[in-house]
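Going line by line, the protein sequences match chains C and R. Read in the numbering used here, the first sequence has 85 at position 85, and its numbers run on one by one without any break. Read in the numbering used here, the second sequence has 122 at position 122, and its numbers run on one by one without any break.
One or more of the hints may lead you astray.
[What the hints assert, rightly or not] Pairwise CB distance ranges, derived in the manner of DEER restraints:
hint	chain 1	residue 1	chain 2	residue 2	range
1	C	Ala126	R	Ala271	44 to 50 Å
2	C	Arg296	R	Asn175	25 to 31 Å
3	R	Arg242	C	Ala280	25 to 31 Å
4	C	Ala280	R	Gly299	29 to 35 Å
5	R	Thr434	C	Arg265	36 to 42 Å
[Said to hold, decoys possible] Rough simulated footprint, nothing fancy, chain C against chain R, three-plus residues with beta-carbon under 8 Å:
hint	segment
6	135 to 143
7	174 to 187
8	310 to 324
9	421 to 432
[Said to hold, decoys possible] Examples of chain C residues toward chain R, derived with CB under 10 Å:
hint	residue
10	Gln15
11	Leu16
12	Met19
13	Leu122
14	Ala214
In case anyone wonders, no lab produced these hints; they're calculated from the structure. Please read these numbers as outputs of a predicted model, since none were measured by experiment. All C-beta atoms in this analysis are idealised placements derived from N, C-alpha and C, irrespective of residue type, glycine included.
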Amino acid sequence: MDALLLAEQGLNGLQLGVMLFLMAAGLTLVFGIMDLINLAHGSFYMVGAYLTAALVPVLGGFLPALAVAVLLTALLGLVVEAVALRTLYRRDHLDQVLATFGLILFFNELIRILFGPVPIFLNPPAALAGTVDLWGLTYPAFRLAILAVGLAVALGLWLLIARTRVGMLIRAGATNREMVMALGVDVRLLFGLVFALGCGLAGLAGAMAGPVLAVQVGMGEQILILTFVVIVIGGIGSIRGAFAGALLVGVVDTLGRALLPASFRLVMDSASANAAGAAAASMAIYVLMALVLAVRPKGLFPVG
Amino acid sequence: MQTPRRNHGAIALSWIASPLRGEVGRLCRPGEGLCASAALPSSLPLTPTLSPGGRGGKRIRARLIAPLLSAALALSAVPAVAAEPLRIGLITTLSGPGAVIGADIRDGFALAVEQAGGKLGGLDTQVIEADDQQKPDVAVSLAARMTEKERVPFVTGIIWSNLALAMMPTLAGGNVFLISPNAGTSALAGAQCSPYFFNVSWPVDSIGEAAGAAAQAQGVKRVYALAPNYPSGKDVVTGFKRAFKGEMVGEVYTPFGQLDYAAEIAQVKAAKPDGVFIFYPGGMGINFLKQYDQAGLLGQIPLTGPGFSFDQDILPAIGDAALGIKAPLQWSPDLDNPANRAFVSAFRAKYGRIPSYYAAQSYDSARLIGGAVAAVGGDLADKNALRAALRKAPFESVRGAFRFNTNHYPIQSYYQREVVREASGMLTNRIIGTVFTDHGDVYAKDCPMK
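Please work from the sequences and hints to get the whole structure.
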């Protein structure tokens with residue numbers, strides 16, 4: 001495998017990583033600060049993708065559709081938090097899992113009723129539909145855009161959390177929730193904002209994933225599982241951990257799929273190499289998770 | 001289309017779902033009263049056990065014989081008044097990403113029942129729908145329910161070969177015919193063929209063979225093949241290699257339900273083949289095609305594959321990128337025969353969309369059941385007679401000439417199709433040539449059924 005191909009695979013890995021980070025950031029915030037297991041996080045991702053696809057023809061462009069879709073998804077998050085989740089904070093995790101699993105079924109059926117079961121159409125904006133030439137490497141422009149958006153969100157979240165008063169409360173909430181409540185912070189408002197922020201991020205991930213992946217009912221559950229792997233590796237509640245975990249998972253998954261079948265072919269015949277390579281590549285990130293947890297049981301960047 | 005079954009999260013999700021299993025399916029719809037009627041036949045064999053020798057037995061007999069007699073008379077009178085209804089279990093995927101296929105399976109079947117005036121083969125027909133959630137364990141428990149509780153003579157609707165394989169022992173053990181509108185793995189075509197399994201679609205590798213023959217005819221020399229890592233994925237690539245004589249520069253099996261194909265597409269680009277063969281049903285196909293297009297390869301390296309990778313269920317989501325892709329299948333909406341013209345226009349009128357080949361196969365499945373039930377005069381108890389009737393394929397298929405091989409898989413023609421935009425603006429397929437005529441499969445010779 002030549003250097004150019006390896007570079008391309010590395011870039012693919014980073015790009016998949018930031019995509020996962022957009023999902024993981026919101027999930028880890030909610031999980032870490034509110035102590036809420038939100039299985040329905042993937043539903044907000046799906047809603048973001050569907051809203052973007054539905055709004056492109058109405059608003060006439062990808063960018064305005066994306067902006068409105070992200071805002072609407074965050075608003076939907078506020079409503080869901082107030083209506084369905086607020087009563088669950090004091091219940092145990094199993095109740096939360098059951099309730100948010102119910103939300104998954106609810107949102108899947110709702111989207112099916114509104115948009116039908118057939119996957120819907122969403123393409124990248126015309127300006128980003130082609131490829132760009134990076135020093136001899138032809139790379140899809142939209143994937144570079146995903147990379148840029150992901151890195152911008154990472155920077156923005158870092159500024160928000162490290163440099164603002166809200167960020168201070170969020171950090172404090174993640175470390176010691178009772179103390180924050182005792183100090184008279186309006187935890188209800190803080191939780192609502194954090195949840196809406198998480199949902200907005202999930203919506204953004206959905207909007208950015210829509211042009212690359214199938215926009216269909218159930219798309220959220222497919223990526224949710226990878227997202228949980230990411231936040232477990234990174235340390236639950238830590239944005240920094242989510243970023244590191246996402247990049248790690250993205251790169252390991254991509255390079256595993258690119259390199260493992262070829263390496264197996266060096267030591268066995270091609271039919272068994274195909275089978276073993278495929279199996280090993282699909283296990284790679286779970287092996288990674290097991291290794292990380294064996295060394296650091298609370299993840300790479302444990303909180304509290 | 002893809003249930004990620006590759007990791008802990010999925011296990012957690014299915015664990016969460018397990019208390020709901022079976023209840024999600026709509027097994028007894030209001031007004032059908034199926035669950036009650038199923039109890040009647042089982043009460044009849046009780047009568048002989050009430051007449052053993054000995055005094056106690058005699059006394060019981062004396063006291064019970066009269067009411068039992070009248071009850072038996074009443075029961076035996078029922079069939080004379082109204083024939084036993086034909087109940088069919090439709091186990092298909094109605095939730096999750098695979099639901100788009102399940103919807104066409106259900107609608108195609110319902111259309112055939114409606115056109116028969118609600119009476120397939122002359123019997124009042126009740127379709128019991130159940131959602132397999134695309135999970136083999138759920139499919140097995142539904143098969144058991146159809147066999148033991150609902151006691152249906154036919155189960156149909158099944159889409160996925162791994163689910164069909166899992167269900168088959170239960171159904172065959174309960175003398176229930178599985179009429180598969182889609183799942184057609186080679187595993188049930190050869191030595192493991194079953195007297196209770198009929199396939200109305202294809203042995204899945206025949207579509208691969210057709211694509212291989214078409215690529216061969218186009219003069220393609222070097223092909224890179226990609227498919228999901230599950231039984232049908234390997235079958236299709238095996239079929240392709242059987243007919244394609246050129247060089248396979250790559251053969252990659254990706255995890256079922258994979259989302260991102262950037263790594264594989266980069267490898268394809270580096271291998272510089274002159275054709276790419278993909279078998280990615282449903283959402284996986286949408287993911288792959290979008291990403292292949294965005295990588296700028298669609299105009300450079302032609303894609304081919306089994307026709308079901310480019311069918312009506314995913315074309316709207318891919319858009320213009322799919323135009324011009326050529327891939328073979330045994331059916332197309334523009335296939336010119338009376339049965340197909342009637343089916344396509346009725347389907348479009350009723351549901352407002354172009355039928356997919358899934359709908360066509362499910363429609364054929366219903367008409368196969370109807371034809372066989374009519375041929376045996378509505379006698380559902382004699383399974384051998386019913387099987388003999390099914391084997392004759394007594395119905396007019398929407399794909400024209402159709403008959404069953406000894407392994408209960410079709411012998412039929414395969415056509416090369418091309419994705420085009422029809423006058424209404426919708427993307428669809430049209431036939432541009434014939435690849436195989438009266439084509440069987442290589443597995444039938446291993447099947448002990450003659």
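Against the structure, test the hints numbered earlier, and report the numbers of the ones violated in rising order. 1, 2, 6, 7 and 9
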